[in-house]
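Asker: The lines below spell out each chain.
2 protein chains.
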Amino acid sequence: MAGRLILSIDGMGGDNAPRIVIEGIDIQARRRGNVHYLVHGDPARLQPLLDAHPHAKAVCEIRAAESVIGMDAKPSQALRQGRGSSLWNAIQSVENKEAAAIVSAGSTGALMAISMFRLRTMEGVHRPALVARWPTQKGMAAVLDVGANVQADAEQLVEFAIMGEAFQRALTGKERPTVGLLNVGSEDQKGHEEIRAAAKLLREAGLDIAVHGFVEGDDIPKGTADVVVTDGFTGNIALKTAEGMARTIGGYVKDAMMDGVLAKIGALFAYGALARFKNKVNPGNSNGAMFLGLNGLVVKSHGSADGPSYAAALEVAALMANSHYQEEIARNLARFAAAERAMAAELAARDAS
Amino acid sequence: MAGRLILSIDGMGGDNAPRIVIEGIDIQARRRGNVHYLVHGDPARLQPLLDAHPHAKAVCEIRAAESVIGMDAKPSQALRQGRGSSLWNAIQSVENKEAAAIVSAGSTGALMAISMFRLRTMEGVHRPALVARWPTQKGMAAVLDVGANVQADAEQLVEFAIMGEAFQRALTGKERPTVGLLNVGSEDQKGHEEIRAAAKLLREAGLDIAVHGFVEGDDIPKGTADVVVTDGFTGNIALKTAEGMARTIGGYVKDAMMDGVLAKIGALFAYGALARFKNKVNPGNSNGAMFLGLNGLVVKSHGSADGPSYAAALEVAALMANSHYQEEIARNLARFAAAERAMAAELAARDAS
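From first to last, the protein sequence lines stand for chains A and B.
Count the first sequence with numbering that gives the first Met the number 0 and you get residues 0 to 352, in order.
Count the second sequence with numbering that gives the first Met the number 0 and you get residues 0 to 352, in order.
Remember, identical chains collapse to one label, so a pair may be satisfied in a single copy or spanning two.
In silico SDA-like pairs for lysine to any residue, Cα to Cα no more than 20 Å straight-line:
1) LYS189 / MET111
2) LYS189 / THR107
3) LYS199 / VAL149
4) LYS96 / ARG117
5) LYS279 / ARG246
6) LYS253 / GLY138
Because the hints were derived from the structure by calculation, they are not lab data.
Make the full structure from the sequences, and use the hints.
Answerer: Here is the structure:
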């Protein structure tokens, strides 16, 4: 893959696929000329779209796939019946090392199930994690896990920290992103046992990570830490709550601006400013979540993405593929394994003496 | 306590106590004339405030307390050294049945520790829960637990549902508030084992509760269910995340309105509408959380409350004291205990056959 980057695309996944897929590639092709796309899907639907989008056409190769996995397919169903679908084949292009990453706007459950099955977890990672990008007062944070696992023990939380830190560096270019553990207070004795154990491991395992310590829910939008680590249950609920708050508040602002003559005049003048703000705050608008910890890069676009936001997911894939993500996390995972061996040996020695 | 309602007040707890306490009582006295207050604290500081607030003066009785528990006191410290403080004595007035409820704007940890120690948990309740009022698109929801316990098993979640449902009825007057369990999806097989078991118990235990089923994070601000049940870890993080989002978005709206000449003109006209919206959305602005499940009503005001919001916490205490909360939850707890006995007997019979 030296020189030209190749991305594998599930051309048929998404509420408005394949249209938004090709529109997204067309937008992205004008920004990054040096990326090539293997677009898996139905040639009869993809070819006319490419003919209408010359920038995309110049960088795409269609790979015929006979079926599509529905947006509401269950993971088990996708695994049993998904072979030959655009999603399955797109993942196989990564498995075969033809492409550096896969991007799909299809079913999250199907993407997770098939990519785990085909790509398998990286050595040293117990469970993959879904990471979301979350707009904060200071920029963009990475929050994980937001739903791949319903629980996580201390070791898994440390692995999430290692993966999230490298992800955040690849995406933002910040050399040493800070890592916080989501908790119900910032004092050492707060929270579940797993979280306190994870905090101790993070501090003592000799990882090359800037550890911030515990953060609370309101620290996420504040941007207190660049990476926020939690289990998939808590992370999913925090993320959905935030998305719901952003939508609800957006609605209130709109109502408030229509409430009375003065406000209506105000809204007339302030319309542009309010439209800008709406896109800025909702983590649901930052496209390009990733499924981290597999032997291959797996990017999830929103199912309801439009062309520009699909292009944002393609950019996430490109940034990750051009980064040293795999080496960085392999290094920290090795440090972590060594520290755990040392701690186990110490415990054994103490028990023996 | 027939006829006149008596509330016990921690006169010294809170960032701006005792001033805001007396201001709050003064406001509330004009709305509810029939409530009497036992105000525990330093007479030298309370008396001049009462002299300046004649409505409050008419309904307050000062009870001298020799000390104050600091806002950052640890629960263990409060338990050891809190005897004789305004908070301790205020709780004792409830324990002695002199007052129907205690209201404090002091340290949450100290309030929880001392009220658990003095009032003890109600029969049939394993652990008390902290309930928050959360403004939604449809009104006001009750969310619990938001931080009294870091975890909760299925039985405890059912107890939270029973307590939260009666709380919500007392506060909103809605006859049959709906109860949702916070989860990462609405399908039956989603989430932790405890949550799935709690859902089954809620449906099958013959409780007099309108069960909605699972809700997700974004359902809280939407108002999908009137009562949202979760463990204290998840609830605390959802609540803090929502508060942080509301503050962050409030800041963005302000910035957006100052961004450019047109927006500034708009802001000039829309100022009132925007000020109204700000108070409407943040769950942190709904004063009067409660610590449910004790032999006595315990209301927690924000530490930073001002007079009007302290009055809102007093109103929560009055609504609860005038409700049939204790009888309602005792009835559902008895139903729950009976259902659990029946299920245990059924299991035993199955094992024996």
